[in-house]
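Asker: Sequences listed follow chains A and B, in order.
Everything in the first sequence is counted per the numbering used here, starting at 46 for the first residue and increasing by one.
Everything in the second sequence is counted per the numbering used here, starting at 46 for the first residue and increasing by one.
Each hint should be verified, as a subset may be incorrect.
What the hints assert, rightly or not - Cβ pair distances, simulated, as ranges:
| no. | chain 1 | residue 1 | chain 2 | residue 2 | range |
| --- | --- | --- | --- | --- | --- |
| 1 | B | Pro-276 | A | His-289 | 46 to 54 Å |
| 2 | A | Thr-231 | B | Ser-236 | 34 to 42 Å |
| 3 | B | Asn-68 | A | Lys-256 | 44 to 52 Å |
| 4 | A | Gly-85 | B | Asn-68 | 56 to 64 Å |
| 5 | A | Glu-153 | B | Gly-255 | 38 to 46 Å |
Unchecked claim - To give a feel for the contact side, a few chain B residues facing chain A, derived at Cβ under 10 Å:
| no. | residue |
| --- | --- |
| 6 | Leu-53 |
| 7 | Asp-56 |
| 8 | Gly-99 |
| 9 | Leu-103 |
| 10 | Val-135 |
| 11 | Gly-171 |
What the hints assert, rightly or not - The calculated SDA-like cross-link candidates involving lysine to any residue, where the alpha carbons are at most 20 Å apart (straight line), are:
| no. | chain 1 | residue 1 | chain 2 | residue 2 |
| --- | --- | --- | --- | --- |
| 12 | A | Lys-286 | B | Gly-171 |
| 13 | A | Lys-286 | A | Val-192 |
| 14 | A | Lys-286 | B | Asp-170 |
| 15 | B | Lys-286 | A | Gly-225 |
| 16 | A | Lys-214 | A | Val-192 |
What the hints contain is simulated information worked out from the structure, not anything from laboratory work.
Model, not experiment: these values are computed from the prediction.
Note that the Cβ used here is the ideal one computed from N, Cα and C, for glycine as well.
Protein chains: 2
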Amino acid sequence: MTRYRLTLEYDGSAFVGWQRQDNGLGVQAALETAVEGFCGEQVIVEGAGRTDSGVHALGQVAHLEIERDADAETVRDALNAHLRPLPVTVLDVVEVDEDFHARFSARERVYLYRILNRRPAPALDGARVWWVARPLDMAAMAAAANVLLGHHDFTSFRASECQAASPEKTLDELSLARCGDEIHVTARARSFLHHQVRNMVGALQWVGHGKWSTNDLANALAARDRRAGGPTAPAQGLYLKAVHY
Amino acid sequence: MTRYRLTLEYDGSAFVGWQRQDNGLGVQAALETAVEGFCGEQVIVEGAGRTDSGVHALGQVAHLEIERDADAETVRDALNAHLRPLPVTVLDVVEVDEDFHARFSARERVYLYRILNRRPAPALDGARVWWVARPLDMAAMAAAANVLLGHHDFTSFRASECQAASPEKTLDELSLARCGDEIHVTARARSFLHHQVRNMVGALQWVGHGKWSTNDLANALAARDRRAGGPTAPAQGLYLKAVHY
Chain A
46 MTRYRLTLEY DGSAFVGWQR QDNGLGVQAA LETAVEGFCG EQVIVEGAGR TDSGVHALGQ
106 VAHLEIERDA DAETVRDALN AHLRPLPVTV LDVVEVDEDF HARFSARERV YLYRILNRRP
166 APALDGARVW WVARPLDMAA MAAAANVLLG HHDFTSFRAS ECQAASPEKT LDELSLARCG
226 DEIHVTARAR SFLHHQVRNM VGALQWVGHG KWSTNDLANA LAARDRRAGG PTAPAQGLYL
286 KAVHY
Chain B
46 MTRYRLTLEY DGSAFVGWQR QDNGLGVQAA LETAVEGFCG EQVIVEGAGR TDSGVHALGQ
106 VAHLEIERDA DAETVRDALN AHLRPLPVTV LDVVEVDEDF HARFSARERV YLYRILNRRP
166 APALDGARVW WVARPLDMAA MAAAANVLLG HHDFTSFRAS ECQAASPEKT LDELSLARCG
226 DEIHVTARAR SFLHHQVRNM VGALQWVGHG KWSTNDLANA LAARDRRAGG PTAPAQGLYL
286 KAVHY
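Working from the sequences, and respecting the hints, build out all of it.
Answerer: In structure tokens, the structure reads:
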């Protein structure tokens with residue numbers, strides 16, 4: 046048996062999310078079918094993050110184990126051939142030790158959230174950004190984002206269906222950058238709660254529109270109540286950018 | 046009558062190109078229909094560049110004249126409402142003098158060509174880049190690009206169906222930049238021949254793969270014969286980025 050670490054890019058709008066679901070194709074199932082097409086083996090492909098339906102990946106990481114002896118490049122090219130024409134691509138394959146686990150070995154996850162902040166709708170990137178027509182005060186958002194940094198109980202920004210044992214997480218980065226008409230939010234932590242990034246971005250949008258001050262955001266965090274946490278930003282603007290080990 | 050200058054973004058994969066065609070929807074026709082929906086007037090919308098089928102725009106410019114008296118923002122928002130759900134957006138509208146002509150007043154056109162240079166296929170940007178799997182020598186391409194700068198007879202990089210009176214053009218910029226796994230080629234000139242950017246990029250790809258030297262590219266230019274000019278890069282990687290007046 047050989048274990049491989051895969052780095053993946055995918056267009057979330059084509060899938061019901063990472064995980065196998067009854068109502069459509071998951072990225073995980075697409076990969077498992079490709080593995081079977083390549084070597085005839087039925088395996089479980091474990092991912093570092095369970096991205097929701099519509100959430101994209103620039104650098105999702107997964108691992109799998111197969112009997113077939115093949116070098117990493119062969120595995121990459123074969124899986125890519127069997128994945129066609131689905132919009133998921135294996136960017137990189139590396140042989141790893143049998144104690145490597147895509148989910149449990151991950152030291153850090155990095156998400157990118159793209160907000161297109163301009164009045165005209167996107168013609169090119171409709172399914173790739175959150176289009177916010179009204180001007181956002183990025184400086185206010187960036188300042189407010191700092192209150193979320195560090196170790197907190199993030200219940201206010203946690204989906205009700207979240208299965209994590211604890212609502213406490215340590216947020217290492219929540220930074221904003223202007224990129225043409227877009228605002229790029231980068232969120233970095235060892236791990237995140239379900240919908241945490243989308244909920245934090247939704248709350249920052251309220252700050253950007255002047256509906257909330259930095260203090261309101263701090264109070265929302267302190268409330269430890271999802272009903273106090275503001276709106277959820279849509280899935281289509283979110284990208285799992287990288288996972289570090 | 047008021048004349049307006051429009052700045053446009055569109056996804057070329059949804060259109061047969063800028064111009065009205067018998068075989069599908071042109072961006073021009075889409076805009077003219079939107080104008081009629083807005084004010085009931087049948088007008089001609091003139092564009093700065095006649096982009097081909099599949100070629101995108103980040104900053105195409107067009108002009109039109111209507112009887113209806115409306116401020117520029119109203120025209121922009123109304124046209125955008127009538128263009129939905131087509132992937133073409135009016136980014137900006139400005140009132141201009143009656144001697145402004147989108148095509149004939151243009152001082153400079155800037156095109157961007159995106160090459161994705163990596164072995165795995167694109168999962169997210171399939172219709173937005175030219176995917177070149179084999180590694181390209183960008184330094185060799187950038188050096189060779191310099192032989193095309195300046196005033197030349199560009200017959201070797203001109204489509205046979207080109208209607209320009211003269212094959213002589215002045216190329217002011219042909220530069221390359223690395224952007225992650227992408228190579229971005231920027232081409233800047235007062236005007237271009239039909240397919241000129243795509244043909245130049247196709248020739249640069251041969252240089253990047255070592256099939257041609259800088260000298261071969263110079264010879265191709267000197268031949269003044271399209272058959273000597275190398276391949277044509279696909280439409281989907283090309284963007285009309287800006288038009289300057």
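Asker: All hints are to be evaluated individually against the structure, with a verdict given for each.
Answerer: Structure-based check of all given hints:
1. B:Pro-276 to A:His-289: 46 to 54 Å: violated, 40 Å
2. A:Thr-231 to B:Ser-236: 34 to 42 Å: holds, 41 Å
3. B:Asn-68 to A:Lys-256: 44 to 52 Å: Given about 49 Å between the Cβ atoms, the range holds.
4. A:Gly-85 to B:Asn-68: 56 to 64 Å: Violated: the Cβ-Cβ distance is about 45 Å, outside 56 to 64 Å.
5. A:Glu-153 to B:Gly-255: 38 to 46 Å: Once the Cβ atoms are compared, 40 Å apart, the range 38 to 46 Å for Gly-255 of chain B and Glu-153 of chain A holds.
6. Leu-53: holds, 8 Å
7. Asp-56: With Cβ-Cβ at 5 Å, under 10 Å, it holds.
8. Gly-99: Status violated, d = 13 Å.
9. Leu-103: Nearest chain A Cβ about 8 Å off; hint holds.
10. Val-135: holds, 6 Å
11. Gly-171: holds, 7 Å
12. A:Lys-286 to B:Gly-171: holds, 18 Å
13. A:Lys-286 to A:Val-192: violated, 23 Å
14. A:Lys-286 to B:Asp-170: Within the cut-off at roughly 15 Å; holds.
15. B:Lys-286 to A:Gly-225: holds, 13 Å
16. A:Lys-214 to A:Val-192: The hint holds at about 14 Å.
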